[in-house]
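Peer 1: Sequence:
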Amino acid sequence: MRERVLVETLEYLWKQDFSCFEVIVVDQTPRHEPEVEAALTGMRERDNFHWLRAEGWANLPAARNRGLERAQGELVLFLDDDVILDGDYLSQLTKAFAESGADSVVGPVLQRGEDEPRSLADGIPNPEDPLGELRSAWVEGGRGCNMAFRCEVLGREGGLWFDPRYLGNAILEETDLFVRLRGRGGKVWLDERLPVIHLADRVGGCRAATFREGKRLPKHFVLFFHNHLLLGWKRNGFAGALSGGWKQYRRLSEEVSFQRKLFLFLALGGGGLRLLPTVFVDRGPQSSEEGGRFPVGHGDAENLSSPEPAATQ
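Take the sequence shown: its letters are residues 1 to 313, numbered as in full-length UniProt numbering.
Possibly wrong hints are sitting among the right ones.
[Said to hold, decoys possible] The list that follows gives simulated cross-link-like pairs (lysine to any residue, SDA-like), each with its CA atoms no further than 25 Å apart:
id: 1; residue 1: 15; residue 2: 48
id: 2; residue 1: 95; residue 2: 152
id: 3; residue 1: 95; residue 2: 53
id: 4; residue 1: 95; residue 2: 12
id: 5; residue 1: 15; residue 2: 70
id: 6; residue 1: 15; residue 2: 137
id: 7; residue 1: 95; residue 2: 39
id: 8; residue 1: 15; residue 2: 53
id: 9; residue 1: 15; residue 2: 39
id: 10; residue 1: 15; residue 2: 5
id: 11; residue 1: 187; residue 2: 98
id: 12; residue 1: 15; residue 2: 157
id: 13; residue 1: 15; residue 2: 87
id: 14; residue 1: 15; residue 2: 138
[Unchecked claim] Just the calculated beta-carbon pair ranges, DEER-fashion:
id: 15; residue 1: 45; residue 2: 187; range: 19 to 29 Å
id: 16; residue 1: 37; residue 2: 135; range: 35 to 45 Å
id: 17; residue 1: 37; residue 2: 183; range: 38 to 48 Å
id: 18; residue 1: 46; residue 2: 98; range: 22 to 32 Å
Derived from the structure by calculation, the hints contain no laboratory data. Every residue gets a Cβ at the ideal spot worked out from N, C-alpha and C, and that includes glycine.
Please construct the entire structure, taking both the sequences and the accompanying hints into account.
Peer 2: Rendered as structure tokens:
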């Protein structure tokens, strides 16, 4: 199922009414189905399509960094491999950046199976409004499957990178970046004209790998605890951390065990829900290239804005 969904997502991009763009796929799937392999190979004939093959354990932040290094435009958009978007999405995205002047623009996400999807923006009068009633607003973060940035604030030019120390399905890795972006004075705009439907395909992806690779979980949780509980207390105080943790806990995937929910309830509190209402999302099999080296921050969240090379896992 997920194999074909990747091709369909790319086809939505080729149908855009906006012509000046490039597509970068960081692909860790070792072996595709024959028809999917043929479709991707055929797309290589396009000048604006870059298919980066890789092997090894999926690392979402490293994959995003790899895309940043390859990107040549002024704006960079991050999508999951299982989303549906309108034909004028890219045109509306460029308008949103021009009109808002924001450093990052995010869009609403309709999750499969939700009749009334939750709002993605803090500060909206009723955060439980259906998607159709969502209003554009200044927000504090967005979903990793539908977020865009000016390239001048990320990568080698802007000095901000996604942190590959978030392993597996990298819970809150995008929130971590938004925290550091806002710490620099960056602004994030939620635009109601940019919805996507997130299919959240349950076959494959990095989420499944997270719970298969048990040996990697302790390191991930230690880093998660540090970044989102300890640093969160410093920013929001004890009460704010626990309040945010409870709100995030209610939105955790039902696949997470009780023990992990208990831990994540505490760890998510560090983000305080001033960061992002819904962050536990599914993603496709993206990863860094095998043996690749990408800029990674070290130390606490403040120091992560000054990256230095480090080997990814």
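Peer 1: Decide, hint by hint, whether the structure agrees.
Peer 2: Outcome of the hint check:
1. 15 with 48: holds (14 Å)
2. 95 with 152: holds (18 Å)
3. 95 with 53: violated (32 Å)
4. 95 with 12: holds (19 Å)
5. 15 with 70: OK: residue 15 and residue 70 at ~23 Å, within 25 Å.
6. 15 with 137: Roughly 28 Å separates the two Cα atoms, so the pair is violated.
7. 95 with 39: violated (31 Å)
8. 15 with 53: Holds - the C-alpha atoms of residue 53 and residue 15 are around 24 Å apart, at most 25 Å.
9. 15 with 39: Measuring from Cα to Cα gives roughly 16 Å; hence the hint holds.
10. 15 with 5: It holds: about 15 Å lies between the C-alpha atoms, which stays within 25 Å.
11. 187 with 98: Given that 25 Å is the threshold and the Cα spacing comes to 13 Å, the pair holds.
12. 15 with 157: Given pair residue 15, residue 157 is violated - Cα atoms ~31 Å apart, limit 25 Å.
13. 15 with 87: holds (6 Å)
14. 15 with 138: violated (29 Å)
15. 45 with 187: 19 to 29 Å: violated (39 Å)
16. 37 with 135: 35 to 45 Å: holds (43 Å)
17. 37 with 183: 38 to 48 Å: 43 Å Cβ-Cβ, so the 38 to 48 Å window holds.
18. 46 with 98: 22 to 32 Å: holds (26 Å)
Going down the numbered hints, you'll see the structure goes against 3, 6, 7, 12, 14, 15, while the others check out.
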